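Undergrad: Given the structure of chain A, go ahead and fit chain B onto it with the hints provided.
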Amino acid sequence: MDVRFLTAGDSAVVVEFGDRVDRSLSERVLRLSASVRAANIRGVLETVPTYRSLMVLHDSLTIGASRLIAELECLVHNAAGEKNQATLWYIPACYDGSHAPDLADVAARTGLTGADIVQRHSSTVFHVYMLGFVPGFPYMGDLPDALVLPRRTDPRVKVPAGSVAIAAGQTAIYPVESPGGWHLIGATPVRLFDVRLPKPALLAPGDKVKFCQIGGAEFDEIRAAVNADAYRVPCESVVA
Amino acid sequence: MQALEVVVPGPHTTIQDQGRIGYQDVGVPRSGPLDRVSLALANALVGNPAAAPCLEMLLQGPTLKVLAESVRVALVGCNATLEVRSANPRRIAAGQSVTLVRDEVLKVGSFSDSVCGYLAIEGGVDVPIVLGSASTYVRGGIGGFRGRRLQPRDVLDLTLAAVREGAERALARPVDLQLEHPIRVVLGPQTEYFTDEAIRTLFGSDYVVSAQADRMGYRLQGAVLAHKAGYDIVSDGIVTGAIQVPGSGQPIVLMVDNQTTGGYPKIATVISADVPRVARRRPGRTIRFVQVDVMEAERLRNDQEAALAHEISAIASI
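In order, the protein sequence lines correspond to chains A and B.
Per numbering that gives the first Met the number 0, residue 0 is the first one in the first sequence, and the count goes up by one each step.
Per numbering that gives the first Met the number 0, residue 0 is the first one in the second sequence, and the count goes up by one each step.
Bound conformation, chain A alone:
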């Protein structure tokens, strides 16, 4: 599918690379997002990367859609060969007891043991496709095939902040308490979103995430350190 430039009224242009959840599409979206930011086009307000498209919000009083599309066409072609820089985060996750209310149910549905599920989930390096739903909520993939399940038929009204969840081939972390229909297989004590920081969301689209299994006691220790602003999530720079 060719790149398509779609207008969303007079406030945004959507650059659509395809209509699937696909790593190669995501890499193209993220490359374009980085190029648009670096190009600093007057009148461009911000970009919103998703699985398969980039929304570019603009102020039509400064730059109209046709001129913006012409600029974006150049950037799409010029950005083709470049690599994305990303951060790989090692996020501690506890998969025990009350931190993992749906682990037994997921085991029953997949035919795997709890230990199998944890092993598969914590040995995969996930790609952050996008953030959305609530501030700081990362949509990450791809789950190993054996863990792919539809959403719960009975969504919860309250999912606790920090819940590590899976559904529909993706994994996520709930940054704040919110309603949700994903299966909760663990929890992290780290903070995903903090308005006091200039970069409020821990994760950015394009980042990589590896979950590191911890026990309940370590969960409590890290949580106490997080609450005291004395914990940094381990990370390193990688080239995607």
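Simulated from the structure, these hints should not be mistaken for laboratory data.
Since the structure is predicted, the reported quantities are computational estimates derived from the model, not experimental observations.
Label-pair distances were calculated between CB atoms; the ranges are:
1. B:Val233 - A:Cys73: 23 to 29 Å
2. B:Pro282 - A:Asp228: 42 to 48 Å
3. A:Tyr89 - B:Val207: 51 to 57 Å
4. A:Asp144 - B:Arg152: 51 to 57 Å
5. B:Ala210 - A:Asp153: 21 to 27 Å
6. A:Thr112 - B:Phe202: 55 to 61 Å
7. A:Ser122 - B:Pro245: 33 to 39 Å
8. A:Val237 - B:Ala306: 50 to 56 Å
9. A:Arg150 - B:Gln211: 18 to 24 Å
From the structure, some residues in chain A lie toward chain B, with a derived Cβ separation under 8 Å:
10. Ala7
11. Gly8
12. Arg19
13. Glu45
14. Val47
15. Thr49
16. Ala64
17. Leu130
18. Val133
19. Phe136
20. Pro199
21. Ala200
22. Pro204
For glycine and all other residues, C-beta sits at the position ideal for the given N, C-alpha and C.
TA: Structure of chain B alone, referenced to chain A:
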């Protein structure tokens, strides 16, 4: 104490400025006023910059007690009256400024025309700037006064302890709320997910604003808009004004607290000039959509800004 005390908050009163730009990629909506035209005019009446933090009131205003030495306010965007309760009681219409002194009580009545009204305060409300804006995003608990709607006994700090010298000022004419005007839209970005019949229906029938209308979106009721094949798309970005159509076929116009991404196809997008026009329509009011192209939408926005600048320059002392 340079402050206002909330006696009665009103059903949904929040602090809003021009909105929060630059965080939609991490899921934080722009927020800001439902009706940016009225917010700009209210600010102009009290001599504030166009986007100073104001009180946005939905359906009904608050009752506030003046703790500062004096405070100058102006109401724009709705037909409520400002009622001053004190030894010197008086009633002031929307569209002009008024100065109150310590211990006077200001009651903003209920309003029957627009959904939203704006009370500007000379110098502005003093709240922390969170992620670049004073706007309240209630669902995320971000910005404004403690991230939430106002509640009884809240004390709002003000930037000024007393008003500046100067006469009260009034708009040259009331704001035209355009409650009957058509709503102009640009087709897309997912028009191809709908049948030709659905597009004819969108422009050929009346939609009614339902009771499910809040800062996140206005659900409409009317003729069903049929999808060609399925109503799930792989999530993409959502802009304020997008008309999203879920499985029910009943459209939802996304408003200023819209989710940043979503998985329903969007048949069309309300032009930026007409987002305030939609925002003002309360449940039960009618919406008729008409199509324009992007160039026309851009011209209409330009014209709207010029008209707004003209109204601001026509503000005169009374």
